[in-house]
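Enquirer: For my numbering, add 1019 to where a residue sits in the sequence shown, where the first one is 1.
Pairs of lysine-lysine, BS3-like flavour, derived with a Cα cap of 27 Å:
id : residue 1 : residue 2
1  : 1356      : 1141
2  : 1141      : 1059
3  : 1059      : 1111
4  : 1453      : 1425
5  : 1129      : 1141
6  : 1378      : 1406
7  : 1453      : 1378
8  : 1378      : 1425
9  : 1129      : 1272
10 : 1272      : 1453
11 : 1356      : 1272
12 : 1141      : 1111
13 : 1356      : 1111
14 : 1356      : 1129
Label pairs and their calculated CB-CB ranges:
id : residue 1 : residue 2 : range
15 : 1453      : 1090      : 54 to 62 Å
16 : 1209      : 1290      : 31 to 39 Å
17 : 1090      : 1366      : 47 to 55 Å
18 : 1357      : 1259      : 44 to 52 Å
19 : 1387      : 1309      : 42 to 50 Å
20 : 1441      : 1101      : 44 to 52 Å
21 : 1194      : 1110      : 43 to 51 Å
22 : 1110      : 1290      : 44 to 52 Å
23 : 1402      : 1191      : 25 to 33 Å
24 : 1431      : 1274      : 19 to 27 Å
25 : 1194      : 1366      : 27 to 35 Å
26 : 1071      : 1276      : 50 to 58 Å
In short, the hints are calculated from the structure, not lab data.
It should be emphasised that the depicted structure is a prediction, and the values quoted were computed from it without experimental measurement.
From the three backbone atoms N, C-alpha and C, an ideal C-beta is built for every residue, glycine too.
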Amino acid sequence: MKTIHAGLIGFGVIGSGVVRILEESRELIARRLGAELRLKKIADLDIETDRGVPVSREQLTTNVNDILEDPEIDIVIELIGGYEPARSFVLKALENGKHVVSANKALLSKHGDEVFASAEEKNLTVGFEASVGGAIPIIRSIREAFAANPITLIEGIVNGTANYILSRMSDGSCDFDSALREAQEKGFAEADPTFDIEGIDSAHKIAILTSLAFGTSVDVDRILVEGISTIGLEDIQSAADLGFRIKLLAISKFDGESVDVRVHPAMLPNDHPMASINGVLNAVRICDPWMQENVLVGHGAGSLPTGSAVVGDVIEIARGILSGSSGRVAPRSFPQKFRRDIPLRDRDDITSAYFLRVKVNDQPGVLSTLSGILGSHAISIESVLQKERCAKGRGVPLMIMTHTAKERDMRHALQKISELECVDENPVLIRVEK
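Go ahead and model the full structure; you've got the sequences and the hints to work with.
Expert: Structure, rendered in structure tokens:
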């Protein structure tokens, strides 16, 4: 039986999951592949800590070149994360004629053009299913299952940490800090959760999906990104009173001329297919004229769910090696020469419905003043809900739901409203996706 050799760079949580899956599914993989898949080397700065998975001393090294320069190794698995040295390692692997599998969404969203161009030039494959949605086969679906579909919309709950926090706030009456602390204690959140709760991780992922779906590159630094750290229990309850749930949503919309890419908290009606995705689950919703909509749901993080996506890519590449058909599918869905530059819609021109929570003095004429400001900026009101006077302070919470408006107009109106003497504190603005 022929042997395909792989090398693993990064022996952390996901790397350990990959090793475990390769060992425990060794016979199953061999039967499905028709060849043995062997992990020849594992490179990490720490090769002394016991990861609880079966490895031999001979497999471990602190020198990454033991993998990158080994002529027997066909596939390099990069799981160290970040931009550097991951970028250098991946490019060197490709330069040396090795296929690459990576879960590194930051690297691929930032330096994907360079990585994928190198792979296509050398007729090599880059597998990156694990970079978005963990065990959800969303990348393979866009590249192959939906290859004939003119996709118009991608919506994703693609960060389990943020989704867990918002779910606990919605269902368990935890405030933000308590929910975050709980997520960290359960291992769902990092000690420094900034990338997760501020939407940066989700921005990397929606940039990758946009590139696949529409055949264009996305400057991740230009994406509108807002996190969930400003969402309070009052907002969660107000949304519930109006028949909505709040989710951190990654959005990519294509109208044929420009692409609207953003990440922010969004109010979703209770019957929206993404509103019921709770806990650490991820989900991606794709819409187009042929299939209408398709929602893929699964575990988006964790050692074994993410590890299974990594191993799936390794097996796919191994099949290509055995059949002599490497590079059968363009890594980013479109061959390089057929990709094009699609402008990113200016954030001022984004359109959405909005939820506005304003704490105002309980006095006549306040609602008229607010509606006047909104109306002067071409923003019409759909509904208004007023709650009881707050227990603390003199403010009365006023919830306003608007019809669709431009982001520029809403921002200008919000600035005017926040300057009113009758407004007790900064208004809260949340976009509504129906």
